[in-house]
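Participant: Sequences listed follow chains U and H, in order. Counting from 1, one number per residue, gives the positions in the first sequence under the numbering used here. Counting from 1, one number per residue, gives the positions in the second sequence under the numbering used here.
If you are wondering where the hints come from, they were derived from the structure by calculation, not from laboratory data. Treat the hints with caution; some may be incorrect.
[As the list claims (entries may be wrong)] Only pairs whose alpha carbons sit at most 30 Å apart, straight line, appear in this in silico DSBU-like list of lysine-lysine:
#1 U:78 <-> H:368
#2 H:124 <-> U:69
#3 H:124 <-> H:63
#4 H:20 <-> H:470
#5 U:78 <-> H:69
#6 U:6 <-> U:78
#7 H:124 <-> H:103
#8 H:103 <-> U:102
#9 U:27 <-> U:78
#10 H:256 <-> U:20
#11 U:36 <-> U:20
#12 H:84 <-> H:103
#13 U:57 <-> H:655
#14 H:22 <-> H:84
#15 H:144 <-> H:20
#16 H:69 <-> U:27
#17 H:368 <-> H:20
#18 H:63 <-> H:103
#19 U:7 <-> U:78
#20 U:6 <-> U:17
#21 H:470 <-> U:36
#22 H:327 <-> H:361
#23 H:256 <-> H:103
#24 H:386 <-> H:22
#25 H:361 <-> H:122
#26 H:84 <-> H:20
#27 H:327 <-> U:36
#28 U:102 <-> U:137
#29 U:69 <-> H:386
#30 H:386 <-> U:27
#31 H:470 <-> U:78
#32 H:295 <-> H:122
#33 U:137 <-> H:103
#34 H:655 <-> U:20
#35 U:78 <-> H:361
#36 H:256 <-> H:470
#37 H:20 <-> U:36
#38 U:78 <-> U:137
#39 H:753 <-> U:27
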Amino acid sequence: MIPIPKKGTPEREALIKEHKECVDSMKGVAGFSVLKCETPGDTTVVTGGVHEDPVLKRVLLRMRGESTKGKLIVICTKVDAEWRIGRLSGIRGVPPEFVNDKVYTDEQEIQHDIFLMRLDELPETAGMPEHFNEGWKRRDDNWPVT
Amino acid sequence: MCAMRLTGYADKFGVHPGDKIKFYVNCDGPAEYAAEVVQMINGDTNPRGPGFIERPIAADVNKTYAGRKQIIHGGSYGFVPDAKVFQVESFTLQCWIWPTTPKTHPRYWKHGAQGLVTKWSKDKGYGLFINEDGFVELRINEHKITTGAPIRDHAWHFVAATFDAANGDVTLYHEPQVVYALDPVIEPVKATVAAKIEHSPIPVAIAAYVDTLSDDPLAQSSLPAGVVFAGKYNGKIDSPRICKKALSRFEIEQMKGGAQPGLTERRNSGPTGALSEVIVAAWDFWDGINTIVAKDNGPYRFDARLVNCPTRALTGYNWAGQNFDWKHAPKEYGAIHFHDDDVDDARWSADIEWTVPTEIKSRFYALKLTTTEGDEDYIPFWIVPKIGEEQSKIAVMVPTISYMAYANEHVACNAGGAELFIYRVPIMQHQNMFLAEHREYGGSIYDTHTDGSGICLSSRLRPILSIRPKYDHFLAQAPWQYPADLHLIYWLETMGYEYDVITDEDVTYDGISRLENYNVIITGSHPEHNSGTQLDALHNYTQRGGRLMYMGADAWYWVHSFHPAYDGLGRGVVTEMRRCESGIRTWRADPGEYYHQGTGELGGMWRYRGRYLHSVAGVGMSSEGFDISSYFSRTSESLDARVSWAFEGIDYDEKLGNFGLVGGGAAGLELDIVDTMLGSPPHTLAVATSAGRHTEAYLLVMEDFGFNQQGLDGTTHPRVRGDIAYHETPNGGAAFSFSSIAFCGSLPWNECKNNISTLVGNVLNRFMADGPLPPPPADAIKHRGRADYESPALASRA
Chain U
1 MIPIPKKGTP EREALIKEHK ECVDSMKGVA GFSVLKCETP GDTTVVTGGV
51 HEDPVLKRVL LRMRGESTKG KLIVICTKVD AEWRIGRLSG IRGVPPEFVN
101 DKVYTDEQEI QHDIFLMRLD ELPETAGMPE HFNEGWKRRD DNWPVT
Chain H
1 MCAMRLTGYA DKFGVHPGDK IKFYVNCDGP AEYAAEVVQM INGDTNPRGP
51 GFIERPIAAD VNKTYAGRKQ IIHGGSYGFV PDAKVFQVES FTLQCWIWPT
101 TPKTHPRYWK HGAQGLVTKW SKDKGYGLFI NEDGFVELRI NEHKITTGAP
151 IRDHAWHFVA ATFDAANGDV TLYHEPQVVY ALDPVIEPVK ATVAAKIEHS
201 PIPVAIAAYV DTLSDDPLAQ SSLPAGVVFA GKYNGKIDSP RICKKALSRF
251 EIEQMKGGAQ PGLTERRNSG PTGALSEVIV AAWDFWDGIN TIVAKDNGPY
301 RFDARLVNCP TRALTGYNWA GQNFDWKHAP KEYGAIHFHD DDVDDARWSA
351 DIEWTVPTEI KSRFYALKLT TTEGDEDYIP FWIVPKIGEE QSKIAVMVPT
401 ISYMAYANEH VACNAGGAEL FIYRVPIMQH QNMFLAEHRE YGGSIYDTHT
451 DGSGICLSSR LRPILSIRPK YDHFLAQAPW QYPADLHLIY WLETMGYEYD
501 VITDEDVTYD GISRLENYNV IITGSHPEHN SGTQLDALHN YTQRGGRLMY
551 MGADAWYWVH SFHPAYDGLG RGVVTEMRRC ESGIRTWRAD PGEYYHQGTG
601 ELGGMWRYRG RYLHSVAGVG MSSEGFDISS YFSRTSESLD ARVSWAFEGI
651 DYDEKLGNFG LVGGGAAGLE LDIVDTMLGS PPHTLAVATS AGRHTEAYLL
701 VMEDFGFNQQ GLDGTTHPRV RGDIAYHETP NGGAAFSFSS IAFCGSLPWN
751 ECKNNISTLV GNVLNRFMAD GPLPPPPADA IKHRGRADYE SPALASRA
């Protein structure tokens with residue numbers, strides 16, 4: 001398992017830069033991936049991102065596999081116009097709550113802000129033995145669970 | 001929060017001209033709302049497409065209505081109306097339980113005690129419960145006796161309680177079936193309750209208790225109307241019994257087998273003469289598994305009505321692992337799994353009834369609901385011609401079973417791991433936010449219940465907020481299913497085609513008579529879930545010279561059946577599907593639980609019923625990925641005279657569909673390929689492919705490999721691709737498969753002026769013509785193998 005790159009390191013800054021460039025290139029696509037469109041908004045040729053940066057790929061996978069409790073999610077507040085960041089409760093019947101007041105007018109941009117928030121929230125050693133808890137014994141990792 | 005104050009559903013998906021359709025509306029807050037029938041043209045609000053388009057339809061129901069709140073009393077249970085025999089002085093209650101949420105989080109949507117077998121309400125009566133702490137609890141009036149021992153979840157336990165009115169003696173038993181080395185012993189709890197049971201005129205409840213009897217209008221959508229239940233239990237119950245005497249532990253053991261009527265020499269219901277005289281009810285859940293009645297085989301025949309369709313055909317406490325089909329060992333399938341979010345019918349009162357005019361086009365319609373305060377909802381329905389009164393040569397087969405399978409899907413909210421397959425952070429729309437809170441609206445067959453067990457049943461008699469226009473699905477970050485199929489409708493409308501619409505239900509119930517009067521059948525973008533009779537009809541249709549245009553991917557995949565217990569409410573009310581040994585499964589059925597409760601047929605993938613998906617239209621699903629789409633390139637087979645007509649106006653080197661409103665390209669989401677080893681006819685032509693163009697988010701389906709290994713994604717695996725394919729069927733028929741769920745999203749691009757539109761137009765124009773298709777060149781008629789095209793044995797006969 002790879003460590004989550006520490007704050008202030010060149011490695012982390014490189015991930016952030018690459019992620020941002022991918023997000024910007026995906027504006028206008030009816031879908032999203034952390035890859036770079038050669039022509040912005042057009043998926044005919046895509047390069048970079050998770051296809052070419054193994055650290056970025058693995059950091060994103062680690063983030064994506066986190067459990068629902070407290071997990072960041074996008075909430076569309078006006079169809080095709082406005083989006084906000086929310087947090088899942090992890091409890092059935094308790095809906096997500098907004099984390100702040102920031103309103104996004106682009107559905108892709110919000111992906112980058114969530115990436116930054118998760119970089120700050122995930123410890124360098126996430127998923128390693130020092131974080132062992134009983135949940136590991138009952139599949140609470142959430143990877144396969146719906 | 002953006003809660004939805006307007007929601008609704010109709011009593012039918014498909015309605016004939018001249019017939020009536022009823023609409024049920026919840027208007028929670030606003031004093032009134034406006035209703036208007038509209039024709040649906042495009043449901044996608046993406047600014048790069050044509051935008052949302054609806055067409056008003058003159059209808060006598062178009063007016064303003066008084067709003068009223070209507071609610072769903074979700075959660076399954078059984079009930080028996082009150083009877084004097086239930087008003088016991090002494091009793092024994094007993095059953096087996098396999099609880100899934102014996103203890104819940106304080107913020108869980110239905111946190112609190114759960115009823116097992118109860119005739120108790122408001123501190124009157126008697127009943128066996130699991131209390132808020134997760135202990136077995138006996139209630140007699142206001143008295144509560146518990147074991148103080150937490151019940152292990154997902155494990156069988158035998159529980160029983162006795163009360164002797166003569167001396168007030170109470171004994172409470174909790175006997176786990178599995179006892180681990182370090183488990184404390186749970187002794188029977190003895191107590192004395194100096195009380196006379198106070199009886200009230202309430203039903204006996206299984207897996208719930210009566211909260212209140214009420215004249216409130218909101219209580220009328222409960223069943224029985226006006227009786228509101230609480231304490232909905234999550235988990236299995238097996239063999240509940242009520243006796244009117246405090247039995248000894250030995251007698252309780254004898255009662256485990258229940259009443260056993262029918263033995264030749266005996267003159268009572270059993271299990272012994274003495275016990276037969278004290279049985280109040282002895283329900284055998286193994287009896288009548290394909291019904292919504294829990295059979296009481298005791299002397300009083302107090303059959304319980306099961307409400308909200310709990311799951312049956314599940315392994316009981318005594319399942320031995322020798323029989324895997326409940327039909328062959330029903331007595332090992334005496335468990336019913338109740339869920340606090342089951343729903344079979346919202347049971348709302350109808351607000352609007354529309355008699356559809358006899359002269360109206362068969363199309364996609366919806367009842368549009370709005371308020372002056374900005375609330376909005378749409379209730380989609382389809383006007384389907386009567387058989388013999390077809391209006392067009394073209395029919396669009398609306399994949400309504402697939403819509404039901406995805407109905408009110410919660411995956412983005414329930415499953416943190418959803419991001420791993422969509423490769424980004426999911427977006428929840430206001431429908432998802434509403435459903436996240438309103439679990440009583442039920443989930444989809446992709447979800448797990450609130451207790452974590454898989455959902456295998458879905459009803460259409462409830463608001464289904466995923467079958468809505470202006471709804472982007474988290475899987476695609478674009479339209480999916482219903483609104484994605486409207487991309488096709490927009491194209492048909494723009495290109496000026498006349499078309500009918502028919503639903504999966506119509507084909508399931510009517511067979512080929514639904515299809516045979518059309519020259520061409522066009523599918524939706526993702527007809528994944530199908531009944532067997534529907535597949536039969538499609539095969540019979542293409543065999544007789546019918547033409548099939550398969551507009552998407554991942555079709556003909558899962559076995560579905562409609563639960564026969566709901567036939568009286570209309571066609572296709574509740575559909576069932578089990579996620580068995582393989583296939584893309586968001587949950588997995590447990591061992592021994594692969595057979596449908598409604599029809600008894602083996603569930604799972606049609607592939608594992610020996611019905612390969614590739615046999616229907618020549619292609620079958622091979623991979624899926626949900627980040628972005630790509631495009632197709634023509635292959636040399638597209639130059640074959642058998643099919644080159646389809647590419648008129650398209651250069652050989654053109655990128656086919658490197659644009660679109662779903663993922664940005666025509667090849668995306670889920671992809672089908674030609675595979676003659678899995679049922680593609682050997683003469684199938686793969687005329688275009690997206691090989692080599694997909695991202696690492698695209699992964700080979702798990703049924704195509706038996707060993708985990710690297711290299712299964714779109715950047716490396718040769719089977720991660722879509723193949724556009726064509727093959728002829730006998731008598732001048734044919735199938736053209738476009739093999740990608742995203743495909744239809746390219747049709748509207750640039751006002752339908754694009755090469756995907758050209759290709760589909762060429763195919764449709766040829767397929768819709770009267771009479772058989774032109775015959776293929778004579779040299780196309782030759783022997784072909786499946787695996788080995790060069791087989792010398794076959795070549796010598798060519």
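Participant: Please work out if residue 256 of chain H and residue 470 of chain H have their alpha carbons no farther apart than 30 Å.
Facilitator: violated (54 Å)
Participant: Given the proposed pairing of residue 124 of chain H with residue 103 of chain H, does the C-alpha separation stay at or below 30 Å?
Facilitator: holds (24 Å)
Participant: Just to be careful, I want the Cα atoms of residue 22 of chain H and residue 84 of chain H compared with a cutoff of 30 Å; is the pair within it?
Facilitator: violated (39 Å)
Participant: So if I understand the rule, the pair passes when the alpha-carbon distance is 30 Å or less; does residue 27 of chain U with residue 78 of chain U pass?
Facilitator: holds (17 Å)
Participant: Between residue 753 of chain H and residue 27 of chain U, does the CA-CA distance stay at or below 30 Å?
Facilitator: holds (23 Å)
Participant: Given the hinted pair residue 78 of chain U and residue 69 of chain H, is their alpha-carbon gap at most 30 Å?
Facilitator: holds (24 Å)
Participant: Check whether the Cα positions of residue 6 of chain U and residue 17 of chain U lie no farther apart than 30 Å.
Facilitator: OK: residue 6 of chain U and residue 17 of chain U at ~15 Å, within 30 Å.
Participant: For the pair supplied as a hint, residue 57 of chain U and residue 655 of chain H, confirm whether the alpha-carbon distance does not exceed 30 Å.
Facilitator: holds (29 Å)
Participant: Do the alpha carbons of residue 84 of chain H and residue 103 of chain H lie within 30 Å of each other, as the hint requires?
Facilitator: violated (34 Å)
Participant: Would you mind confirming whether the straight-line C-alpha gap from residue 36 of chain U to residue 20 of chain U stays at or under 30 Å?
Facilitator: holds (10 Å)
Participant: Sort out whether residue 137 of chain U lies within 30 Å of residue 102 of chain U, counting only the CA atoms.
Facilitator: violated (38 Å)
Participant: Residue 20 of chain H and residue 470 of chain H were given as a pair; does the straight-line alpha-carbon distance stay at or below 30 Å?
Facilitator: Distance of about 27 Å is within 30 Å: holds.
Hints 2, 3, 6, 8, 10, 12, 14, 15, 16, 18, 19, 22, 25, 26, 27, 28, 29, 30, 35, 36, 37 and 38, counting from the list given before, are not met by this structure.
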